[in-house]
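Novice: Here the protein sequences come in this chain order: A and B.
All residue numbers for the first sequence refer to the working numbering, where the first residue is 11 and numbers rise by one.
All residue numbers for the second sequence refer to the working numbering, where the first residue is 94 and numbers rise by one.
Careful, some of the hints might be misleading.
[As the list claims (entries may be wrong)] 30 angstroms max Cα-Cα, derived DSS-like pairs, lysine-lysine: (1) Lys319(A) x Lys241(B); (2) Lys236(B) x Lys254(A); (3) Lys236(B) x Lys293(A); (4) Lys348(A) x Lys400(A); (5) Lys279(A) x Lys236(B).
Bear in mind the hints are in silico, worked out from the structure with no lab data behind them.
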Amino acid sequence: MHNDIVNTIHESSLLFSNYEAGSGIKKALEMGRDDILFELKASKLKGRGGAGFPTSTKWMLVAAATGADKFIICNADEGEPGTFKDRVLLMNAPFLILDGMVVGGYTVGAAHGYIYLRGEYVYMRQFLEDCLNEMREKNLLGNNICGKEGFNFDISIVMGAGAYVCGEETALIESLEGQRGEPRNRPPYPVNTGLCGAPTTVNNVETLAAVPHIILMGGEKYAERGTSASSGSKLFSISGDCEKPGVYELNWGITINELLAKVGAYNTKAVQVGGASGICIPKSKFDRKLAYEDVATGGSIMIFNESRKMLHVLKNFMEFFVEESCGQCTPCRIGNQKLLEGVEMIEKNQYTFAHINNLKELGETMKVASKCGLGQSSPNPFLSILEDFKEEIFHAKSDGVYK
Amino acid sequence: MLVLEKNNLTEEIELFASQYDFHRTALMPLLEYIQEKYHHIPDFAQQEVARVLDIHPVEVYGVISFYSFLNDQPKGRNIVRLCRTIICDMAGKCQIEQAIERELGLKFGETSKDQKITLEFTNCLGMCDQGPAMIVNDRVYTKLDPEKACAILKEIK
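Please build the complete structure, drawing on both the sequences and the hints.
Specialist: Written as structure tokens, this is what we have:
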């Protein structure tokens, strides 16, 4: 790959450790499907894309669903601002993910898998195709994989075309079907009615990468890491004002303070956890834990130091949502525009508190009324930044210049 | 478009769609293929795609207008996409934007008259740990500074 991309992995306890390609598949094929589901359940692995749905439940539902065709999809549409862990995983540990898909295919009874790779990552495509060909040569893909009679599975790569909303699983499926990437109503969930109406499991890259390790080491051993509700380790994509940005694999339950010390961040004012759709944590709350039960995240950690203007940060996020809203449902399409207008009013000092309070209510409405995760989470930065940084935004003393 | 070119395009579309048994799932890969080759998806291609896949042309147009990497109007042979998300912004995106605009005499959102280059903003490229970043066609450039960015664009043919 002729690129100047540097994949910086600062800490890795599991995912980037030695893994012999194919060993997860071989072990899984010796086990029964129920045993694999049992190990996954014992591992308490939850979806790493951010929503945190238990992977064993998802796979169990697809395995139990009836249908001639079933599909497994790897969601590599990593579009959340501040996230790049999937890029590093795909480039540095591709076989871990592909093996995870094969194990998934075997477990749920799918014959075909898709990798939905975001359009911006097109430079990885040939590399991944080469990896797939290598697996086909070794009979890790194809017919009767590793001599397992009747287990046929293959993977193809489908490119996205620059739409953030396609990271939402039903929008992703629509896109694979050749439609506009507009999310569907749920239920029915993809586990019953997914790609072309067939039972489908959509998993994040990182979730799939954890699967071969769980198969090899056993679910209980995996669950020893992390906290009781958030087991295992997590890749964090660290960016912003710190000395050592990059990918860190850390156990769940680490506090933000501990994380900041690790990455060499000083004078930190705020940390945006979970990307643009996440929440902004002010200094006073840096003792909060990164875990599904406290601050849940898909791995994006953006660090802002004292010199940054939080209103500018918020404006950038809202511009992002206005651009990336699919426009299908009104709360999200119009709501995000109104929130952005509100931010611009504050910027120009043309706001009233009555209006800002209306906008906060609008944000709360968007959270319940929007159709998919995009509109349900896009008010998060607006609400959390205006609440936690109101001194800076509204009460700051004039510097003597009338703006 | 000349008749000969049209015939060629039709043949290409039919060949491509046949790999997918003319199923609608062929639509995205097919549009991406046309986009890459012709730098846009002309009206004629949209109609042919619709005919071959047996869907309404408006469905094809709807898909094209949804995705930011697909377009029905001609763009430059080279598309420069500069990341505008907050981390790249903090790392100096504005300086690079201004330097490029001065150097090329072209604003972001515009295509040069000789169809050589189109300047665009894009959302997070997933290079936040090594920003500011831009993507020129398929290639990613990271840790840009104004001088480096301009030098890269000078090289483009």
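Novice: The structure should be examined with respect to each hint, and the outcome stated for every one.
Specialist: Comparing the hints with the structure gives:
With a CA separation close to 27 angstroms, the supplied pair lysine 319(A) and lysine 241(B) stays within the 30 angstroms bound. Taken as a hint, the lysine 236(B) and lysine 254(A) pair is honoured in the structure, with Cα atoms around 14 angstroms apart against an allowance of 30 angstroms. Only pairs whose Cα atoms come within 30 angstroms are accepted, and lysine 236(B) paired with lysine 293(A) is accepted, the gap being roughly 29 angstroms. Taking the CA atoms of lysine 348(A) and lysine 400(A), the gap is about 19 angstroms. The hint holds against a cut of 30 angstroms.
Proposed proximity of lysine 279(A) and lysine 236(B) is supported: the alpha carbons are some 24 angstroms apart, at most 30 angstroms.
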